[in-house]
Amino acid sequence: MKYNLISILILFSYYVTSQNLVTNGNLEEYYSCPTANGQLDKAVGWNSIWLIGGGSSEYFNSCNINDNGIPQNFFGYQYSKSGIGYIGYGFYVKSSSHVVEFSANNLKTKLDSGITYIVQLFLSKTEASNFAISEIGVHITDSINADAIYNGIVLPEVVNQRGFIYDTLNWVKVEEKYKAKGGEKYIVIGCFNPNPQDTIISNTGGPYTYYYIEDVALYPINAPIATAQTISDTNLCLGNSVSPGLTQVEDQYKAEYEWLWYELGKEKDTLSTEEFPVFQPDTTTTYVLKLTDFKYDVTYDTVTVRVADCKEPTNLKVFPNPTNDKVYFEFNSTIPANMSIEIYNLMGQKIKGLHYLSNREANSLEINLQTQAAGIYFYRVLVGDEIKFMGKLIKN
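Quick note: the sequence shown uses my numbering, first residue 80, plus one each step.
Careful: at least some of the hints might be erroneous.
Once the Cα atoms are required to be at most 30 Å apart in a straight line, the calculated DSBU-like pairs of lysine-lysine come out as [unchecked claim]:
| id | residue 1 | residue 2 |
| --- | --- | --- |
| 1 | K160 | K173 |
| 2 | K429 | K405 |
| 3 | K260 | K333 |
| 4 | K471 | K431 |
| 5 | K333 | K347 |
| 6 | K333 | K264 |
| 7 | K396 | K431 |
| 8 | K189 | K333 |
| 9 | K396 | K467 |
| 10 | K189 | K252 |
| 11 | K474 | K396 |
| 12 | K390 | K467 |
| 13 | K431 | K467 |
Derived CB-CB ranges, DEER-like [claimed, not checked]:
| id | residue 1 | residue 2 | range |
| --- | --- | --- | --- |
| 14 | D361 | G432 | 31 to 41 Å |
| 15 | E342 | Q428 | 46 to 56 Å |
| 16 | V238 | D330 | 13 to 23 Å |
| 17 | K256 | V123 | 24 to 34 Å |
| 18 | S111 | G231 | 29 to 39 Å |
| 19 | D246 | A225 | 26 to 36 Å |
| 20 | L343 | K258 | 36 to 46 Å |
Derived by calculation from the structure, the hints in this document are not laboratory data.
In this text, all values refer to a predicted model and were calculated from it rather than measured experimentally.
Just so you know, even glycine gets a beta-carbon here, dropped at the ideal spot from N, CA and C.
Using the sequences and the hints, build the whole thing.
As structure tokens, then:
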């Protein structure tokens with residue numbers, strides 16, 4: 080009983096602090112995998128509004144490998160926009176005397192009076208239907224009157240303003256504002272006009288219009304929205320670690336975000352799903368952060384971590400030697416801090432003294448002896464006050 084109470088409190092806390100008030104808006108969560116048409120109630124938080132003569136919306140999920148799967152299913156072929164599931168709607172049948180299918184969602188919390196919310200959904204028309212319509216709407220209510228909806232009496236609070244939706248390849252975003260009366264706890268999606276204006280776009284499918292819908296969201300217009308942010312490109316000594324994340328999401332909203340880290344060009348090989356992961360690369364690596372927010376929008380950021388061997392050099396190659404002007408000092412590791420190179424003539428007089436800052440991107444230095452007279456010279460390489468290398472130079 081104690082554990083059940085804790086679970087209820089955690090669930091309650093999650094719902095109260097959610098920004099997207101639509102339950103399971105991306106249709107990923109399900110009670111059981113759909114096995115036939117008309118099984119929307121298998122998706123958590125969703126159900127069809129059904130009366131005799133109407134229909135029941137479909138639930139498609141990649142857990143099904145047959146007619147109710149993704150991307151291939153009974154009504155067409157479409158990949159999900161962000162997850163593994165979406166809804167299928169028979170919105171309208173030509174020459175029918177009634178509207179067809181509706182779906183309802185139980186919001187996580189009731190809407191607050193006077194607050195303006197954003198209502199969002201994505202649609203894609205199936206290849207199986209000849210007709211396209213524009214009058215797809217969302218009814219936002221404190222109670223559901225199935226008879227009124229079915230008979231075309233209900234006027235939806237939000238209606239698509241983008242015109243006819245024809246696209247069968249991409250997901251089309253419908254987004255509108257809604258000022259709440261207060262107490263609304265359901266949304267109903269459908270075509271609320273029994274006789275909507277239609278347009279025929281092909282003769283290869285059925286005399287109806289059928290759409291897929293995914294990524295449904297309803298959230299306050301002033302909800303804070305985080306985007307993917309990483310640290311600037313940086314240098315790292317071999318053996319050290321780096322934490323590249325910078326995105327800041329308030330603790331109560333983190334459950335609605337998804338972090339996905341991977342190496343550039345290797346999106347399928349997830350390195351971490353943490354907000355602030357720690358990596359220890361052994362070679363220069365570009366990391367990508369893919370961040371999905373509470374309304375299922377995705378942003379990206381990248382950071383390149385250049386890895387260098389930061390140990391003090393133990394080997395030196397000086398060339399060309401003899402030289403006519405320039406001479407290069409090439410080390411077996413990058414340039415450490417406080418390195419200096421001194422050049423002396425045969426009299427022991429220092430003719431050059433050069434000091435260098437740490438450079439973890441380079442392992443060689445150039446010195447120009449063009450203005451020096453021909454002859455024999457000596458060099459010393461120091462790190463701090465310690466002499467690391469000594470040798471002879473010949474200037475032609």
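Taking only the CA atoms, is the gap from K429 to K405 under or equal to 30 Å?
-> holds, 18 Å
Pair hint outcome, K260 versus K333 [Cα-Cα no greater than 30 Å] = holds, 28 Å
Is the hinted pair K189 and K333 satisfied, with a Cα-Cα distance of at most 30 Å?
-> holds, 21 Å
Cβ separation of S111 and G231, checked against the hinted range 29 to 39 Å = At 33 Å between Cβs, range holds.
Are K189 and K252 close enough, with their CA atoms no more than 30 Å apart?
-> holds, 24 Å
Please work out if K471 and K431 have their alpha carbons no farther apart than 30 Å.
-> Given pair K471, K431 holds - Cα atoms ~14 Å apart, limit 30 Å.
Is the Cα-Cα distance between K390 and K467 30 Å or less?
-> holds, 13 Å
Between V238 and D330, does the C-beta distance stay in 13 to 23 Å?
-> violated, 37 Å
Could you check the hint for me, namely that D361 and G432 are 31 to 41 Å apart, CB to CB?
-> The hint (31 to 41 Å, Cβ to Cβ) holds, given that D361 and G432 are roughly 36 Å apart.
Can the restraint linking K160 and K173 be considered satisfied, given a maximum Cα separation of 30 Å?
-> holds, 28 Å
30 Å limit on alpha-carbon distance, applied to hinted pair K474 and K396 | Given pair K474, K396 holds - Cα atoms ~17 Å apart, limit 30 Å.
Would you mind confirming whether the straight-line C-alpha gap from K431 to K467 stays at or under 30 Å?
-> holds, 17 Å
The structure shown violates just one earlier hint, number 16.
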